[in-house]
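Fit chains B, C and D with the ligands to the known structure of chain A by using the hints.
Going line by line, the protein sequences match chains A, B, C and D.
Note that my numbering has the first sequence beginning at 11, numbered continuously upward.
Note that my numbering has the second sequence beginning at 11, numbered continuously upward.
Note that my numbering has the third sequence beginning at 1149, numbered continuously upward.
Note that my numbering has the fourth sequence beginning at 1149, numbered continuously upward.
Because the hints were derived from the structure by calculation, they are not lab data.
Some hints here could point you the wrong way.
Only pairs whose alpha carbons sit at most 30 Å apart, straight line, appear in this in silico DSSO-like list of lysine-lysine [claimed, not checked]:
1. D:K1559 - A:K29
2. C:K1176 - C:K1559
3. D:K1559 - C:K1418
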Amino acid sequence: MSDPALESLYREVILDHYKNPRGHGVIEDADAEAEGQNPLCGDEVSVYVAFGEDGETIDDVKFSGRGCAISQAATSMLMEMTKGRTAQQVAELDKEELLAEIGVPLTPVRLKCAMLGLTTLKVALHKAKGTPLPEGLAGFDDLELT
Amino acid sequence: MSDPALESLYREVILDHYKNPRGHGVIEDADAEAEGQNPLCGDEVSVYVAFGEDGETIDDVKFSGRGCAISQAATSMLMEMTKGRTAQQVAELDKEELLAEIGVPLTPVRLKCAMLGLTTLKVALHKAKGTPLPEGLAGFDDLELT
Amino acid sequence: MAVTAHAKLDARALRRDFPIFEQEMHGKPLAYLDSANSSQKPRQVLDAVDRFYETSYANVHRAVHLLGERATSALEHARVRVRELLNAPDAREVIFVRNATEGINLVAYSWGLNNLGPGDAVVVTELEHHSNFVPWQYIARRQGAEFLMLTIDENGDPDLSELEAVARDHTVKVVATNLVSNSLGTIHDLAPLVSWAHEQGAIFVCDAAQAAPHMKVDVRAIGADFVAISGHKMCGPSGIGALWGRGELLRAMEPFLLGGHMINSVRVDKTTWGELPHKFEAGTSPIAEAVGLGAAVDYLEAVGLDAIEAHEHELAAYALGRLAEVPGITLYGPPAERRAGVVSFNLGDIHPHDVAQILDLQGVAIRAGHHCCQPLMQKLGVAATNRASFYLYTLPEEIDQLVDGLHAVRKVFA
Amino acid sequence: MAVTAHAKLDARALRRDFPIFEQEMHGKPLAYLDSANSSQKPRQVLDAVDRFYETSYANVHRAVHLLGERATSALEHARVRVRELLNAPDAREVIFVRNATEGINLVAYSWGLNNLGPGDAVVVTELEHHSNFVPWQYIARRQGAEFLMLTIDENGDPDLSELEAVARDHTVKVVATNLVSNSLGTIHDLAPLVSWAHEQGAIFVCDAAQAAPHMKVDVRAIGADFVAISGHKMCGPSGIGALWGRGELLRAMEPFLLGGHMINSVRVDKTTWGELPHKFEAGTSPIAEAVGLGAAVDYLEAVGLDAIEAHEHELAAYALGRLAEVPGITLYGPPAERRAGVVSFNLGDIHPHDVAQILDLQGVAIRAGHHCCQPLMQKLGVAATNRASFYLYTLPEEIDQLVDGLHAVRKVFA
Ligand SMILES: Cc1ncc(COP(=O)(O)O)c(C=O)c1O
Ligand SMILES: Cc1ncc(COP(=O)(O)O)c(C=O)c1O
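In isolation and in its complexed conformation, chain A is listed as follows:
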């Protein structure tokens, strides 16, 4: 990898998360779950949440599905970021926080890839807890709920 742009987009940590995704798997009898699709490439992701005893704090969160390095890495990072937070906190999680974690400049198309996990997680929490949907979704079905 001698190309600096290439090096910056597919930096070590992205590839590491992609190759060794954290929280990859399924939670049986999850307290919250949702499935999201990226209509541009047909990628699908499912997110599963288990709450702690307070019924609010995320005790465990996992994802399954297929996707590109950016979407898989971003979702993997998201799993780490959100474990231990409350549903409400995650619903309010600003996408900039996740983007900072990803730490590479994204074009609009790849932004959709990066946001697929977060949007799907917020939809899962919305369905289980009635927490607010993300900006783009509020009113506008940025994501087909399946």
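Frame of chain A; chains B, C and D with the ligands shown alone:
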């Protein structure tokens, strides 16, 4: 009229036919009749034909309706040209013959004006005698038959 | 609709932006008085389109590569510019279509095929352009609904006293009218009709094709549910227009055109629709045309829509005054302060085709015909009228050229 | 479909006609391998459009003035050029639309809404673009008709052995397939399907969007009833396409979009339709876009469609050979001699988005995604593929650049 283009388009004979149309009127109980419309300007013309004893020769032909100088003059000239011909002869009348009579260069839009009477007359003969429809019409409804 | 005099445009200077005026017609200066039919294009718009094709062209939305990104962001920027022009709440409610006609058909089909039925009524006015008349007539008939037409007075205003009877006898589901008439030039006050429509539970569809080029169109202020415009009438390229619709209505609607891009997922047993605006934009978009429309919005806003409106009112007033000098002329429509830059007239019983043709030979381009308003023509008792229409590049001396031309027409038919 | 070697084009020379190649991408030469998505535009087309706007622009058909005449004759000349390109019997059977998608929707709505009902079936293939799939699926469902999909083999050929059962169990009313596949590149022999369709009394709708840019499409030789093409894929502007249909079918059909220009006369109680092609062209046409398409036809015919087809076969053969060198690659579709300049592939389990992104950084523009062919993706068992596609300006070294790029992709994911 000092403009030569103007003078050529609205030459004496056109204005004369427009102001004193030949064959203007209605034939009651006509043997053949049809109505045509120019969808560009909403103009309408009706043509009436009476055949002679042989049932083929045009004994009388008249037109009514409204239109621009070009369409009225052309139709008026047509009345003169076709009286005494047979239905078949008129069905075969080449539009160039009428255009030669009109004798002024016409743009495509104005050509539609000039041809309204001839097309309507051919439709009338077609309905009465089964003579062929004009080129453009054969199959393609260049004219709404009403 | 008062003339706001503070913003004044310099038509003579603007005119230099339009390459079409660099030539003569039949050896005469071109007086292009047919802008309500379609406007001419400034170099700025043509250049923006060329630059786009030369540096940034690719298909949109789908591509990961740089050209695809550039093209997508150019298209979406144009959408944002249209949203701003119309003061729409959200750019996703702006659907790119070919022209206002397609925008209205989109609503008529997509909303009408699923919401109209026997016992329902669609209400239009006698002053509608065929594009806001025939789609409703056709879809209403197909659905077994009623199609009703409000009559108008000589200013072009619909007779609101008919509304009570309409409401009593019908379930009104759609009210569709223009904001500015293309044949009489009337600028309508839509407020009473919009509230009446909403009291009936009907949607209000506003044909702003003739309004958007000439004045500020604010979809929130109008209170309409759908608003359609055409790019080619407002300095934009042909092949592009926009439909704005309320998000909640658009989201609830079935799509209209089906195909690539408008889907979420496709399976033989089940297909789901994409988000707004994509759900209504099947197939490859009119990409460069949208970019051109965005550049046209830039151009119009730089000139100022208030200034354009004021300029047109001035020209309309001047034209009505000068045309009244021509013996035998009949002028149609409202007083100058209530009209956009459109004047329809007849010259005795000389057919408009002849009037327009003789004017053309003198370099004056006007339109002659029914202006896609046959119901109005039936009302006026004529087959056709002449129409002179003005825009930001129109000069008073073009109106003088028209008046001189009309005198020449009279001489031919004297 | 044999390679005809006699006509050879000089891609390097032609390339200079395309301004897009005058720039670098990410500091690398641009290898634009996404022409099946949309083609780049030669200067000749851009200039023709500019010249039209600068000297001859006005609205068409309606105006008596000189600009209106010029614009109308330019539009109608473009129609004649499309007729000639497609060897259609009559220019009036050529309808200008926005794109192939709209052309197919026109048939699905206008013919389908009036001829499909319960017990009837529409048959497509598993290889259709969404634009020739979803309209039929939607209209069939709306009309209570069946929607059937023929399965394909790995070359993309539909399984004709299914036809007998289909004919036994259904009244087939529509058969709709592509002539060239945009994802596998397969050039189909449509003859058996066309005759079968006609034996069933069905109409045959041919999606030639991907064929027309690349080879001679002859509507009479195909024997189809409707053929749809898109201008933007064949060196023309965006915002324009054409539908050819048999005159007797078009004449018998109800119109699709309603509004200005497509009428004969409009009254509140009765409206009648205009002649062909006007009946299907409501509202202001994509005028300059049609002119641009006409110029694109001139350009393509000057190069020679046989030469373009031969060039693409050569590139496809070269690409299939070179790509096979890349470890872990899966290539989809038929052998080179049966395909247009389209190669779809996957690189191990590296996601196409990542492949395309890394290629882009090396100046190579390909498409990654489902190519609007989700049914095919389901068949292939993947969400997406990479697709490199070629055109008359494509050079073999661009394919080398692609192959080098793929090696770099593999290194990133090693
Ligand atoms: C085979 C095929 N059919 C239809 C289409 C749709 O073309 P458009 O988006 O121009 O309507 C395409 C292009 O994407 C295609 O490749
Ligand atoms: C008031 C009005 N509505 C609708 C239209 C239709 O516009 P378009 O032909 O661009 O669809 C026009 C223009 O002709 C118009 O003036």
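K1176 (chain C) and K1559 (chain C) were given as a pair; does the straight-line alpha-carbon distance stay at or below 30 Å?
holds, 19 Å
Given the hinted pair K1559 (chain D) and K29 (chain A), is their alpha-carbon gap at most 30 Å?
Status holds; Cα separation ~14 Å.
Mind checking the alpha carbons of K1559 (chain D) and K1418 (chain C) for me, to see if they're no more than 30 Å apart?
Violated: K1559 (chain D) and K1418 (chain C) sit about 40 Å apart, past 30 Å.
When the structure is compared with the earlier hints, a violation turns up for hint 3 alone.
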